[in-house]
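Turn these sequences into a full structure, and let the hints steer you where they fit.
Chains as they are written, first to last, in the working numbering: chain U, 288 to 538; chain B, 20 to 213.
Hints in this document: simulated from the structure, not taken from any laboratory. All figures in this text were calculated on a predicted structure; none of them were measured in a lab. We put the CB at the ideal spot given by N, CA and C, even for glycine. Nothing false has been slipped in among the hints.
One side only, chain B facing chain U, incomplete, derived with CB under 10 Å:
#, residue
1, Glu42
2, Asp43
3, Lys54
4, Glu72
5, Leu75
6, Gln76
7, Tyr83
8, Leu86
9, Ser92
10, Leu93
11, Asp182
12, Leu184
13, Lys185
14, Pro187
15, Gly189
16, Thr190
Sample of chain B residues with no beta-carbon within 12 Å of chain U, all distances over it, derived:
#, residue
17, Lys158
18, Tyr163
19, Lys200
20, Glu204
21, Met209
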Amino acid sequence: MSEKVEKIFESIKEKKVKPKSRWFFLVKDYCVWGIFAVATILGSLAISVIVFVLTDSDWDIYKYLDKSFWGYVLLLLPYFWLVILAGLAWLAYFNYKHTRKGYLANPYLVVMVSVAVSVVLGWGLFANGMGGKIDEVLENNFTYYIGAEEHKKEIWSNPESGLLSGEIKEVEDKEILLEDFDGKEWQVETNEAQWRKSVSSEAGEEVKIVGKIEDEETFKAQEIRPWQGKGEHSEDDGEGNGGNGQHKNKR
Amino acid sequence: MIEENICQEKTDNELVKLSLENEDYFYCIIERYEKILTHYIRRISVSSIEDAEDILQEVFLSVYQNLNDFDESLKFSSWVYRIAHNKTISAWRKIKSRPKTVSTDEENNLFDFIASDENIQKELERKCDAKQLRRALEKVNEKYREVLVLKFLEEKDYREISDILKKPMGTVATLINRAKKNLREVLDEMEKIK
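Structural data, given as structure tokens:
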């Protein structure tokens, strides 16, 4: 009988240690998998907001802002959510790695699968309006969070560049009275404007207008879009933006 | 106390189950792995026998406390080696001692094992003896030394090394290749100085 073996065995006995229970390890495993799942689900919420921000953006107006397409893309990217997504992907990977067999998997594959699952779930959540709701709740409750709405207002409050937005106050035959988001009133000439289908052109409606500033209070509209989304093009789109511009369904 | 012949009859997995029911059976596990792990601990890290024994005690304590965590899809020896590896590395960091490599007899073994491996055989035969190899191993990066010891001294296969170091098998293969390359570079350097 080896003295060394005896010594080790006796020291374990003296310390009166007992094997940790099976439950301890099971709970630990469930926690690790749970955090992996939570990270993936939170990632899907981040994806739903990213998709909302990207689909709610007007990708054709970069020329009005003196930017290249890619410069405009950089302006629109929701960096906050991309950072959150990257953090969650890392968290998912870190936890997966700490599962029993986690070390056998390729780390890049784990991150890709986690992000892919988040994308699928996130798209589903976006389709159910979750992306917009999250963005709105955060914007209303956190001072430092700049939501898609605020960002959009910034982009569409550039009358000198041809981008104006606000709430319709009055609708007349060939013009509308619009109050922009800074509270300033504008006479918007609409006689040559093209109206997107989903614009109802009623007082109280919020709209985005592409056009040209005429003077300090007058703006000549070329195209009127709904504030939310892009709205479909009207049926007379083929006639081009410079057509007679009447919103035929409404006017 | 359990009789030695009873210990020998049991497989590792049987001993784990029996130890959970009766701690006396853990004696068999200690007896089976004491020498192997002492060598392994000394090979990858500390210089003195006393330090190695302290670490070994911690290793067996940890093995006993975590018996319920043993996953039977692994080889028990891989699991024990993994605990020994982790304990050794953390103890080594605590005492901040410079890692030493293998003893003289083991150097010869390591030399034979590595030399018998593929392309570097002739190069090693031409360039170094056991003494040189010892000096070379001292200069080899720590992470490479670990895989060299596991592959060539402990004679573990890729799957076992992967389970012990908790690294994917592809990474283990890459590490072994790099370790050999690193060893060759160190030997070249030593040759130039000579």
